[in-house]
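Participant: The chain contents come next:
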Amino acid sequence: MSMLQLAPTLDTANGRSVGLQRVVVALTVAVLFAGGGFLLHTEEQGQVIALLAAFVALFALGEKLPAGRRVAALCVAHPGTVNLTAAVMVLAIAAALREEHYTLLMMATVALFATAAAGLTLQMAFAGVPNFAGAAFFAVGSYVAAVLGTSGIPHLLVLVIAGLAAAVLGLLLLLPVLRTRGHYAALVTIAFGLLLRSFLEVNDVLGGPQGMKVPSFSLFGLSFSRVTEIGPYDVSFYLPYALAGCFLFALAFAVVRRLEFSFAGVALDAVRSDEVSASVFGLSIARWKATAFLMGNALIGVAGALYGMMNAFVNPNSANFGDSLIMLSILVLGGLGNLWGAVVASVVILVIPEKLQAIQEFRLVIFALLVIAILRFRPSGLMPRVTRDFSSFAKEG
Amino acid sequence: MSALLACNGLTMRFGGLTALDGVDIAVGKGETVGLVGPNGSGKTTFFNVLTGLYKPSSGAVRFAEADLFARSPQEIGRAGVARTFQRSRLMLDQTVFDNIAVGALGRLDLGLMTALVRRSRFRRQLSALVEQATALTRRFNPQIAANLFRPAGSFTMIDRRRIEICRALIGAPRLLLLDEPSAGMTHEETRQLMDDLLAFREEMPDLAIVLVEHEMDVIRRISDRCIVLNFGKKIFEGPFDALIADREVQTAYLGGGE
Ligand SMILES: Nc1ncnc2c1ncn2[C@@H]1O[C@H](COP(=O)(O)OP(=O)(O)OP(=O)(O)O)[C@@H](O)[C@H]1O
Ligand SMILES: [Mg+2]
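Chains as they are written, first to last, in this note's numbering: chain S, 1 to 397; chain Z, 398 to 655.
Calculated from the structure, these hints are not laboratory results.
Predicted model only: the values in this text are computed from it and were never measured.
Yeah, the Cβ is synthetic: ideal placement off N, Cα and C, and Gly gets one too.
If a hint is listed, it holds; no wrong ones were tucked in.
Per label pair, the in silico range of CB-to-CB distance:
1. S/Ala368 / Z/Ala596: 51 to 61 Å
2. Z/Ala463 / S/Gly80: 40 to 50 Å
3. S/Pro66 / Z/Met510: 35 to 45 Å
4. S/Ala53 / Z/Arg504: 51 to 61 Å
Just a sample of chain S residues kept apart from chain Z, beta carbon distances all over 10 Å, derived:
5. Val48
6. Gly128
7. Gly152
8. Ala191
9. Leu219
10. Glu229
11. Tyr233
12. Ser236
Next up, chain S with everything else stripped away, as it sits in the complex:
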């Protein structure tokens, strides 16, 4: 709402104040990313707690103070500036932390889980198709990387094939998912995840319970695992993974955003919110749910392939239900339909437990409490989806 009320003032703003707005947006995003980068880097318990407190305080200010709300609205109004700043900050963080294996590993993990969350966003937030088997499709990607990684097929192509494989496997689910609704469709996907895991466990070709080794990703003949220096700088071999992961997320982000801001996005919203009126206005429910389900699984599969290559192995446990729930928690915590929310939530769910030794033992309890608290106090998540507003597009065109 605040953003919508702001729109007219933005229109009438002259060039200079638009420039100023962009600076404010860029600074805000830069500060948030710098904080995130520092959180990834530091091991000091005091600093971790201080950072978290600072984030919570910033978030509360952005919510409660009119000035904070205005800054948040500016960020919504200038997505280009947000994206550019984010890209620059990611590069800066990667450069600054170039030698830290563990930090970069976490950065890549966050990026790849956020990419999977982008796939789930298409499915659950846009089309309203539940998917409780995210980790299973992620594992499919890893297994494809394991099987095809040594075959001589260029690894970029392997990533594409991994996406296609996850999408095709999703086809198996499509009929039952389209025929059922709500809880029942969710159950179908849960069953699929369990089945896939059992299948992987008994399948000797795929390594049985031990799983398989996955070769390192190599781009144009350069194997990521052999990257130890760039120019005069020593770097961790996780650096290229972190960058590739962020690049993949950027691609997924672009796909999701463009889809959202298109007539296909309107069609998906119509199908999700009311199948009866969507059908009366000529939309095929099956077509749109299938489109979102297949595209979403493809994104999850690609992310899973790169993840498998980074970790160098995959086993049936990768497809476990708990990890699927973690992906869903990322979606719910971040805010269904908001990919920046998914990034923040990935950090909260994947990084904070690693950083706070005090809570590590109680990880699951704290997750559970967190999700319950979110559902109770902020049901639309940390960063709820912003109402789509086509007005700026219409003017430019």
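Start from chain S and add chain Z with the ligands according to the hints.
Facilitator: Below, chain Z with the ligands without anything else, positioned relative to chain S:
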């Protein structure tokens, strides 16, 4: 002249209940038909059958020379039948524009390539649609046109009805089905809405309308011809004055019959 819509012996059974019982209804091009009847007489069921939401048990439906009997809602929608619902079915947290756009999706390019790659093509379609939606909503209420990018949920009941009607009209249908557009509104609001509709009908002389309505005043002002349903059967067809005088209609409304 053959009618735009011709239903013959249309029957819809729900288990033991016959909600539509051999109904014959024809609607000509540019005609406005008032459909009335007591609660539960089958008016909404008629719309639901006509728009493919229910599969009729028997009968025949011809629309613009095509056989639309038991077709899917999608096929029927694309053939040029649009409707509003008795209980509002808008996406309240989406903008007015997005809601109205849903009614135009049938003729827009929904391809993924256009969404993801050929953005300039999308932008052209978007600009054209914004113009159309602005022009259409302005006829009903300039305030809606001025706030096209606010959430539909932030509008009053009557404006939401108007938005729903605009969503049905933006696809340039040949037949418009309105299911109790005045439901839940005051007399004054109903009068306004009818003024809008009458004004609109002037501009689209070919559009056929079937209007379900409990308010007899509305029916009298708007309809060229009236049809009365009772227990799923057509018990009357003719001009409004004859309807008022009809004995069977009176008993249906005042009870006493059967
Ligand atoms: N999906 C359904 N399943 C079973 N019975 C139904 C269904 N839809 C409608 N009916 C029944 O069909 C009959 C006609 O209902 P309908 O909704 O068409 O009436 P109506 O004329 O629109 O009434 P109202 O003026 O109250 O809107 C009612 O007895 C209703 O209970
Ligand atoms: Mg009704």
